[in-house]
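Top line first, the protein sequences correspond to chains B and C. Note that the working numbering has the first sequence beginning at 2, numbered continuously upward. Note that the working numbering has the second sequence beginning at 15, numbered continuously upward.
Derived from the structure by calculation, the hints contain no laboratory data.
So the derived label-pair ranges between C-beta atoms look like this:
(1) Ser380/B with Gly86/C: 43 to 51 Å
(2) Glu107/B with Glu143/C: 36 to 44 Å
(3) Glu143/C with Gly142/B: 36 to 44 Å
(4) Asp265/B with Ser32/C: 43 to 51 Å
Just so you know, even glycine gets a beta-carbon here, dropped at the ideal spot from N, CA and C.
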Amino acid sequence: MTVTDAEVTAVLDRDGLDALVTVLRSDGRTVIGPTVRDGAIVLAELSSAAELPYGWGVELDAGRYRLVPCEDGAAFAHSAGPQSWKNCLHPQRERLWSADRAPDGEVTFTEEEAATPSYAFLGVRPCDLRAIAVQDRVLTGGRHADTGYGRRRRGALLIAAECTAPGATCFCVSAGGGPAADTGYDLALTEVVDEDGHRFFARAGSEAGRRLLDRIPHRSADLATEVTARTSVDAARDRMGRSLPPVDLRALLGESLDADRWDDVAERCLTCGNCTMVCPTCFCTTTEEVTDLTGDHSERWQRWDSCFDLDFSHLHEGPVRSSGRSRYRQWLTHKLSTWYDQFGGSGCVGCGRCITWCPAGIDITEEVAALHAEHEATSVGHETAAAAHGTERWTETER
Amino acid sequence: MTAVPVPHRVVSRSPETSDTVTLRLEPVCEALRDFVPGQFAMVHCFGRGEIPVSMSSIQATGGLAHTVRAVGAVSEGLCAARVGDVIGLRGPYGTGWELERAYGRDVLVVAGGIGLAPLRPLVLRALAEPESYGRVNVLIGARTPDDLIGRKEWEFWRSAYTGVTVDRPDVHWHGDVGVVTQLLGRARFDPAGTWAFVCGPEPMIRATARELHHRGVPRARIRVSLERNMRCATGHCGHCQLGPLLLCRDGPVVGWDQVESLLSVREL
Ligand SMILES: Cc1cc2nc3c(=O)[nH]c(=O)nc-3n(C[C@H](O)[C@H](O)[C@H](O)COP(=O)(O)OP(=O)(O)OC[C@H]3O[C@@H](n4cnc5c(N)ncnc54)[C@H](O)[C@@H]3O)c2cc1C
Ligand code: SF4
Ligand code: SF4
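Put together the whole structure using the sequences plus the hints.
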């Protein structure tokens, strides 16, 4: 093991990775990682590192996902799949509390205290590390903290896998991130496959990561492996499949509420909400009341919700956002603009999932580019645009 | 979301109108932190669900009370609660009216329908401290005379001016007819030195705030209380967004300067 700038590094081979999973499981951790299932690379519990998607890559495009064999046999040759780590940390359904009514009418409320799994996430992409940090901020960084999320999150160990082969829908660099794991991981792995063999350059990012490295077979990092690893991650920066326009997106979206482009995208958008389900930062939930047959036991459940759902903005007078136009605008404007106001940063990490899993092939980068073009054009012909958009605003007299 | 409701007992139930009821509540055991006027609680009706409801009375002005209009499953359940029943409350949540900021100034309260409920503790406080505030005006509007809440009370409020108007009068109505803003001409206030507090249906809020600003009340001194769907009240469910605002956290009471442009965008 070498110590450079206090960073603990090492090289593991495939046996080392096997040992890593074994050690984590023997510590009682639930190891979650990528594995091939039903024609996709999903995140599931791993019983051994052999279940990693060795030899599989993905071919991605807007509305398109296909598994393809990759010749070098790499485990982490794929990019983001249909799930993200929020499936574990911020699950689709969760009981919050239950209420019991006694025969004398007294009611007691009991907070959910489900056993919290102690997770180890293996193969967290740098975009997803950032997505986890975004959800941390949203769910535990404010005045009130989501205790269930906080419990699961505190117990989770994050083992990152840096990216050397970005997917065609990836755009993390233009979303302010990049293919390297900077912070927020316990251990970061960079996979290297060349004539010298199949191995993983490992960097510890926390005390827990250092202790973990100590317990698995590894060798000290040789310069060749380290250089190859770092260069291929660097090179990945320039190989992004897509990009957002390099402008102040927060301002652009804030100034585009009346854009015509929303009508255009609304004609294609099915308001299915797939983009919000696969997005690793989307956090919205709704609640439901579930009562048993006696009628004296009721439970409060929370489940994922989507701003594309008509009921999302329900008030008894009717939904606030009934048009597809307003719902797509809410989603995109929240991601790229109002998220800053609410939580101090962007809500998009550029993972590309929403592009890949949109049945209509709607591409967030293309929509933003179109909004930017429209904004440029309308700021030139300001007068005519204002006149044309006058109808979008409520009139003074409307009641 | 986190907090678990705290049991409260219904100690009295007073019908206000055909669809609106005021429930006075006392903690069964543990009490919630003190509410300030304008704040709300998440109110749980057993087996039905949980909804945001403003405090129409707070600990400091005579104990907790909610005034609930039956419009759907949960609010109907709450309106049907009987004395002795136990309901669950979480809170306090959200921003308050911040009446203190109007110290030494005229106070203008404009309420539409059930919108009077969250304003009630503010009016009581302002009237209880006449030396702290200038003239207190209360303008109340409702769809019909049957939709007026708090009738037994406001007739006795010792305000500078209390005006009441309805959109659709019945045969017994001898008062004003028309929108609430038309009472502004009779209220006694100095626009530049006034703080206004407005709650009611959104179109009424919009019309009132615009008219007040037109008459010279600065935007930041027009405080309005807004409503959006809310599931958690802790800033985590995403439902209560109004552009950059999370209304459970940054609202429900906001300055007109913060929301005028947001509310002018259709379906934001
Ligand atoms: C900050 C705040 C304060 C409020 N204060 C009062 C009050 O003092 N008195 C009163 O009668 N009503 C008040 N409301 C409105 C009240 O919350 C709704 O009437 C209630 O949620 C309707 O629920 P429901 O299940 O009866 O009706 P449904 O129409 O069946 O509603 C279904 C669900 O949608 C949501 N919802 C529907 N309408 C509203 C709404 N207007 N606001 C927020 N969520 C809604 C709720 O989660 C509700 O459970 C307030 C709302 C907010 C946001
Ligand atoms: S908006 Fe799309 S690209 Fe951005 S984080 Fe969400 S799923 Fe990924
Ligand atoms: S953008 Fe695509 S995934 Fe998102 S709601 Fe519309 S059709 Fe569905």
